[in-house]
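Residue numbers (our numbering), protein chains in the order written: chain A, 1 to 417; chain B, 1 to 156.
The hints are simulated quantities; they were obtained by calculation from the structure and are not laboratory data.
Please read all numbers here as calculations on a predicted model, not as lab measurements.
Even glycine gets a Cβ: it sits at the ideal position worked out from N, Cα and C.
It is possible that some hints are incorrect.
On the chain B side, residues computed to face chain A include the following (Cβ under 7 Å) [what the hints assert, rightly or not]:
hint: 1; residue: L89
hint: 2; residue: E122
hint: 3; residue: Y140
The list that follows gives simulated cross-link-like pairs (lysine-lysine, DSS-like), each with its CA atoms no further than 25 Å apart [claimed, not checked]:
hint: 4; chain 1: A; residue 1: K76; chain 2: B; residue 2: K22
hint: 5; chain 1: B; residue 1: K147; chain 2: A; residue 2: K151
hint: 6; chain 1: A; residue 1: K251; chain 2: B; residue 2: K10
hint: 7; chain 1: A; residue 1: K151; chain 2: B; residue 2: K18
hint: 8; chain 1: A; residue 1: K40; chain 2: A; residue 2: K186
hint: 9; chain 1: B; residue 1: K10; chain 2: A; residue 2: K138
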Amino acid sequence: MAKKEKYLTGLFGLENLHEIEVYLQNGGYEAAKKAVKSMKPEEILKEVKAANLRGRGGAGFPAGVKWGFVPPTADKPKYLCVNADEGEPGTFKDKYIMSHNPHLLLEGIIITSYCVGIHQAFIYIRGEYEMIARRLEKAIDEAKTKGFLGKNIFGSQFALEVVVHRGAGAYICGEETALLESLEGKRGHPRLKPPFPASVGLFQCPTVINNVETIANVPFIIARGAEWFTQMGLPQDGGTRIFGVSGPVKKPGIYELPLGTSLRELIFNHAGGMLEGKELKAVIPGGMSAPILTADEIDISLDFESLKNAGSMLGSGAVIVIDKETSMLDVLQVVTKFYAHESCGQCTPCRVGVSWINKIVQRMAAGQGSPEDLETISRLASAIMGKTLCPLGDAAAMPILGIVEKFKDELLAQMGH
Amino acid sequence: MTSLSPETRKKITELTGKYPQKQAALLPVLHLIQNEIGYIPAEAEIWVAELLGLQPVRVKEVITFYTMFLEKPIGRYHLQVCTNLSCTLAGARNILSYLMNKLGIKPGETTADGRFTLTTVECLGACEHAPCMMVNFDYYEHLTPEKIDKILDGLE
Numbered sequence: 001m002a003k004k005e006k007y008l009t010g011l012f013g014l015e016n017l018h019e020i021e022v023y024l025q026n027g028g029y030e031a032a033k034k035a036v037k038s039m040k041p042e043e044i045l046k047e048v049k050a051a052n053l054r055g056r057g058g059a060g061f062p063a064g065v066k067w068g069f070v071p072p073t074a075d076k077p078k079y080l081c082v083n084a085d086e087g088e089p090g091t092f093k094d095k096y097i098m099s100h101n102p103h104l105l106l107e108g109i110i111i112t113s114y115c116v117g118i119h120q121a122f123i124y125i126r127g128e129y130e131m132i133a134r135r136l137e138k139a140i141d142e143a144k145t146k147g148f149l150g151k152n153i154f155g156s157q158f159a160l161e162v163v164v165h166r167g168a169g170a171y172i173c174g175e176e177t178a179l180l181e182s183l184e185g186k187r188g189h190p191r192l193k194p195p196f197p198a199s200v201g202l203f204q205c206p207t208v209i210n211n212v213e214t215i216a217n218v219p220f221i222i223a224r225g226a227e228w229f230t231q232m233g234l235p236q237d238g239g240t241r242i243f244g245v246s247g248p249v250k251k252p253g254i255y256e257l258p259l260g261t262s263l264r265e266l267i268f269n270h271a272g273g274m275l276e277g278k279e280l281k282a283v284i285p286g287g288m289s290a291p292i293l294t295a296d297e298i299d300i301s302l303d304f305e306s307l308k309n310a311g312s313m314l315g316s317g318a319v320i321v322i323d324k325e326t327s328m329l330d331v332l333q334v335v336t337k338f339y340a341h342e343s344c345g346q347c348t349p350c351r352v353g354v355s356w357i358n359k360i361v362q363r364m365a366a367g368q369g370s371p372e373d374l375e376t377i378s379r380l381a382s383a384i385m386g387k388t389l390c391p392l393g394d395a396a397a398m399p400i401l402g403i404v405e406k407f408k409d410e411l412l413a414q415m416g417h
Numbered sequence: 001m002t003s004l005s006p007e008t009r010k011k012i013t014e015l016t017g018k019y020p021q022k023q024a025a026l027l028p029v030l031h032l033i034q035n036e037i038g039y040i041p042a043e044a045e046i047w048v049a050e051l052l053g054l055q056p057v058r059v060k061e062v063i064t065f066y067t068m069f070l071e072k073p074i075g076r077y078h079l080q081v082c083t084n085l086s087c088t089l090a091g092a093r094n095i096l097s098y099l100m101n102k103l104g105i106k107p108g109e110t111t112a113d114g115r116f117t118l119t120t121v122e123c124l125g126a127c128e129h130a131p132c133m134m135v136n137f138d139y140y141e142h143l144t145p146e147k148i149d150k151i152l153d154g155l156e
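If we strip away everything but chain A, and leave its shape as in the complex, we get:
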């Protein structure tokens, strides 16, 4: 059983933690100093790989492995893009990291960049987080004044610039190659992979793309070591996760817990259980793209493998709780409308398929559905899976299939059958 320590969020209650002096008083930038002044990049990479830090954005790809894909000697500049797009419905954790502790993110950026040999980093933040973007810019100025960013960082030869770049309201830009396109000043149309961003990324240069929470974990791995980190979570899945709980529970909010905590414990202990008079019906365990679990499927360990084996995914760690009174047709309507709106339009199966499903669902909601509609939806959703450039096609098809399969009887009953 992992020890419970909230190393990421534990200081969030501290007044003015976002100011550099307060962060420094609490051990801030010590890990970055240690990394830049006394560690070789390959030592850092070894430590992060051993820590089994998996991506906190959704896909769960091991960060160290990703960094290792970047060619060590390149004739081109290399870039770091921090994914702060946070568009997955139900997700709000990165907002807390960036607004409460922006310097923690910057410290993680310094270590990551030093490790990979990067001299320019971008924080791609969703356009709506305008105030947080300003807070990050202020933090960057503070760090520059201290000599933690810019030239000769901590008196070394290492130089790094960080730019905050705001998106403009497109879910697809959370997908890493769409993010790159957007950062280059284009529409967020995902790229065909391979080549992967590690070799051909931003401005055609080698690029590392990591989620905010992933990067925020890096200073702790450097300060306390990979072994400690795996003890904080699971051996194959190190560290804690910041889970976000929303829906009709007593205490919606963020909860930093070791990976491997059960979904039931998260909902009923940490988030206080259901609101008075509400009964649990279903849970979306990892952001809207994660297929739904029914109330009797919540005795499950919150880690990448367990949720994958249950036919869902841990995704962004955003848990949306649904109560008995909520109609699954309403849920389906929200889900299909969202993906139809957010499809970038590049791949036909996603653009046409999701819009078509959405039209059927809106018709069902208007009381004009028929039992064959569910079969048509399943057929269309299956035809989208695996046939698009980026994961949005699957991200739309999977939750739709999940709802239609698990709540078929209720949907049929709502259509009068």
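Go by the hints and put chain B onto chain A.
Frame of chain A; chain B shown alone:
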């Protein structure tokens, strides 16, 4: 673009120098223009295209792709109501119909006095405080009809 203030022009020049390729400054430049003018007029599209060395159509396609960029002027206060799942579970549909009734407009419309434009939006990342909306760049959370009355009364 005679209408842009010297201050915004200065910010735009600074921005283009921050990126290895100046075209990358397109989104932030459009944000700055919209912040000042309230939307992105057709003449600004041409101006930005020339500034960044892009075809005007490249600017147009970006403006139409991203939901936050506006091609036409809207009301002084942009009420953006989240209708995604966590907010719907917390009563976003009632919040939306309350606003529609109170203002006498539908989503996508602006009140006759030009004060309010109502829009529905996807997840704003404030699910723990659902239901929520944004008014311009400010978040308003745990919305109820009473709270909406207060918020709207507090705006000019």
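Verification of the hints:
Hint on L89 of chain B holds. Least Cβ distance to chain A is approximately 5 Å, under the 7 Å limit. Given the 7 Å rule on beta carbons, the hint for E122 of chain B holds: about 6 Å separates it from the nearest Cβ of chain A. Interface restraint check: Y140 of chain B against chain A, minimum CB-CB distance 13 Å, threshold 7 Å, status violated. Between K76 of chain A and K22 of chain B the CA atoms are separated by roughly 18 Å; this keeps the pair inside 25 Å, and the hint holds.
A distance of roughly 49 Å separates the Cα atoms of K147 of chain B and K151 of chain A; the hinted pair therefore is violated under the 25 Å criterion. Taking the CA atoms of K251 of chain A and K10 of chain B, the gap is near 46 Å; set against the 25 Å cutoff, the hint is violated. Among the hinted pairs, K151 of chain A with K18 of chain B is consistent with the structure: their alpha-carbon atoms are about 15 Å apart, no more than 25 Å. Restraint check for K40 of chain A and K186 of chain A: not satisfied, since their Cα atoms lie roughly 37 Å apart, outside the 25 Å limit.
Taken as a hint, the K10 of chain B and K138 of chain A pair is honoured in the structure, with Cα atoms around 19 Å apart against an allowance of 25 Å.
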